[in-house]
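The hints should help you fit chain G onto chain W, whose structure is shown.
Now for the letters of each chain:
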Amino acid sequence: MTVDQIIFLIAAASTLFAAFSVVTTGNLIRAAFWLIGALFGVAVIFAILHASFLAVVQVVVYVGAIAILFIFAVMLTRKDMRDQGAQLNRNWKFGAFLSALVFAGLFFLLRGWGGVSKTAAAFPSDFDAVAELGGALVSPDAYVLPFEVASVLLVAALVGAVYVAYNHK
Amino acid sequence: MDFLKDPLQIAANWLFGILAGWGVADLWAQVLIGFLGIFLLIALLMVVDILLVWVERKVVSRFQSRIGPNRVGPFGLIQPFADIIKLLIKEDTTPEGADRALYNLAPVLSMMSVLILWAVVPLAPTILGVDLNIGVLYIIGAGAIGTLSIIMAGWSSNNKYSLLGAFREVAVMLSFEIPMLTMMLIPTIFAGSMGIAAITQAQDVWFFFLAPLAVIIFLIAAIAELGRAPFDMGEAESELISGYNIEYSGMKFGMFYAGELLHAFTFGSFWAILFFGGYRFFGLEKVSAFLAIAVLLFKAFIGYWIIMWVKYTLLRIRIDHMLIFNWKFLTPVAFTLLMVTAFMNALLAASPTWLYVGGMFLSNVLVAWISLELARFAAHKEREKTENTLTADARR
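Sequence lines, in order, name chains W and G.
Each step along the first sequence adds one to the number in my numbering, with nothing skipped, and position 59 is 60.
Each step along the second sequence adds one to the number in my numbering, with nothing skipped, and position 227 is 1399.
The following block holds chain W by itself, in its conformation from the complex (with noise of 0.2 angstroms):
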């Protein structure tokens, strides 16, 4: 085993364990720090990826503003961070049954698929990932378009959040 593969079982185990207890634990608050465990995990997995700038804007994004949003959403609106309830519904078993469909679809698609087995070609030393992408996402031949409608959602989202919040006199 190489080094990366370590590197990447201990991620890949820790994300899972984490992703695991955020549905297990009964603690709101609890689950919200496993999450952002989980987050920290899959920037890891995007590091050893070489995707640096994918996962220290995992970090930025989800652990700084996402996750944080989330506990301080979860405290001004519960009194009680403990859920009383029964951890599981009614519906236990479809959803079971439904993950394990996805999941075995998954697997027999990865399964077929030569990939998985190889190893990763190296970058050349003068590759530049952060020029690509910023490249790409203004370039009209890659990813300018979707790159704008996902910031006009953004502002249209950012409007309709402050016309919800405004105090109309």
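Calculated from the structure, these hints are not laboratory results.
Computed from a predicted model, the values in this text were never measured in an experiment.
Idealized CB from N, CA, C, for every residue including glycine.
There's no promise every hint is true.
Here are the simulated lysine to any residue pairs, SDA-like style, with alpha carbons at most 25 angstroms apart [said to hold, decoys possible]:
hint	chain 1	residue 1	chain 2	residue 2
1	G	Lys-1332	W	Leu-77
2	G	Lys-1332	W	Val-153
3	G	Lys-1332	W	Phe-71
4	G	Lys-1500	W	Gly-161
5	G	Lys-1500	W	Ile-67
6	G	Lys-1557	W	His-169
7	G	Lys-1553	W	Met-76
8	G	Lys-1332	W	Pro-141
9	G	Lys-1177	G	Trp-1378
10	G	Lys-1332	W	Leu-159
11	G	Lys-1483	G	Lys-1557
12	G	Lys-1483	G	Trp-1290
13	G	Lys-1500	G	Lys-1332
14	G	Lys-1332	W	Arg-31
15	G	Lys-1332	W	Ala-74
16	G	Lys-1332	W	Asn-28
17	G	Lys-1332	W	Met-76
18	G	Lys-1458	G	Lys-1230
19	G	Lys-1458	G	Asn-1185
20	G	Lys-1500	W	Asn-28
21	G	Lys-1230	G	Phe-1425
22	G	Lys-1500	W	Leu-159
23	G	Lys-1332	W	Val-165
24	G	Lys-1332	W	Thr-26
25	G	Lys-1500	W	Phe-109
26	G	Lys-1553	W	Val-163
27	G	Lys-1500	W	Ala-74
28	G	Lys-1557	W	Tyr-167
29	G	Lys-1500	W	Val-165
30	G	Lys-1500	W	Arg-31
31	G	Lys-1332	W	Gly-161
32	G	Lys-1500	W	Leu-154
33	G	Lys-1230	G	Ala-1401
These stretches of chain G come out as covered by chain W in the derived footprint (C-beta under 8 angstroms, 3 or more residues) [stated by the list, open to error]:
hint	segment
34	1293-1306
35	1314-1324
36	1517-1531
Taking CB as the label site, the calculated pair distances span [claimed, not checked]:
hint	chain 1	residue 1	chain 2	residue 2	range
37	G	Lys-1500	W	Leu-110	28 to 38 angstroms
38	W	Ala-101	G	Gly-1269	33 to 43 angstroms
39	W	Val-156	G	Asp-1264	46 to 56 angstroms
40	G	Leu-1456	W	Leu-17	14 to 24 angstroms
Same frame as chain W, but now just chain G:
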């Protein structure tokens, strides 16, 4: 290779030779040397941190016309060690109903979020942890962990004061992160790279002369990010008794305190690196790596001193004023400045240096002047409105 130019590399090669002689595999030798390097850096930082306690207490007492610690050792220099011994032998308390795991994790994360920042700091041309090509974003990412540690401490302490303090502190940190990141993008535009080392290398002319307004906005946002006065709403000892770290005692509190001091020093050094040329000073850095470190430390201490100067001079700002100041003034100005800088950069790309620097400087002054005029206009209007309602109320 000259020892004065690149001491760490020579030391690493020497160690590598010894380890190879002992029959250690190359990979493990590299890992070991890497860990030693990290250990060395952190040990150095912690020693600096101990002295920072003394510096901070001495400087604050001078600002307040006091003498400060002067009993233990010459100039009170041994005072911080006495403080540490006191912190170590204090009773370690955990409040009832606290979330034990998170309660203990928070101080560690707080300290860690500061220490990992130094991974990207270029101490000298040849001495730096990693040359990340996303260094600027990495700084913000490390700040996110600091935010996390505060909300963790605030909630897990099971205390209403600490929770309130954490809420305020996090609200401030989240909002001032935006102008700070925007201002970090301005050196990025000048240098054409987000890497901290590349930004330092590109400063033949200090970026301070190219973007004086950005320097000021970055300083304000950094002070808010540090949670220091006048933005220390999260601690506010007069109303929240100490905010998020109220329930911590002994060395756990010490971690928060040391982390805060080192954070301030770190932002002083980032200020120096991003806008004042980092370790560069008239070619002094080319003579020896040790001189380069000395130059960087000197500049960082000046930045740290300015942060202290602001802290001990200004009064605390009310939380709503603080957030309004950020969202309605600082953030729009930062965005405008970023757009103007990008535009001017494209316009002046082919022009000689004096024209480039002059154009950038003037555009900064112009943006500052226009935004201050607009703020003054808005303030006048607001005051008139308030006075009108007041007189109307009085008449009734």
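Tell me, in ascending order, the numbers of any earlier hints that this structure violates. 2, 7, 8, 10, 11, 13, 18, 20, 23, 25, 30, 31, 36, 37, 40
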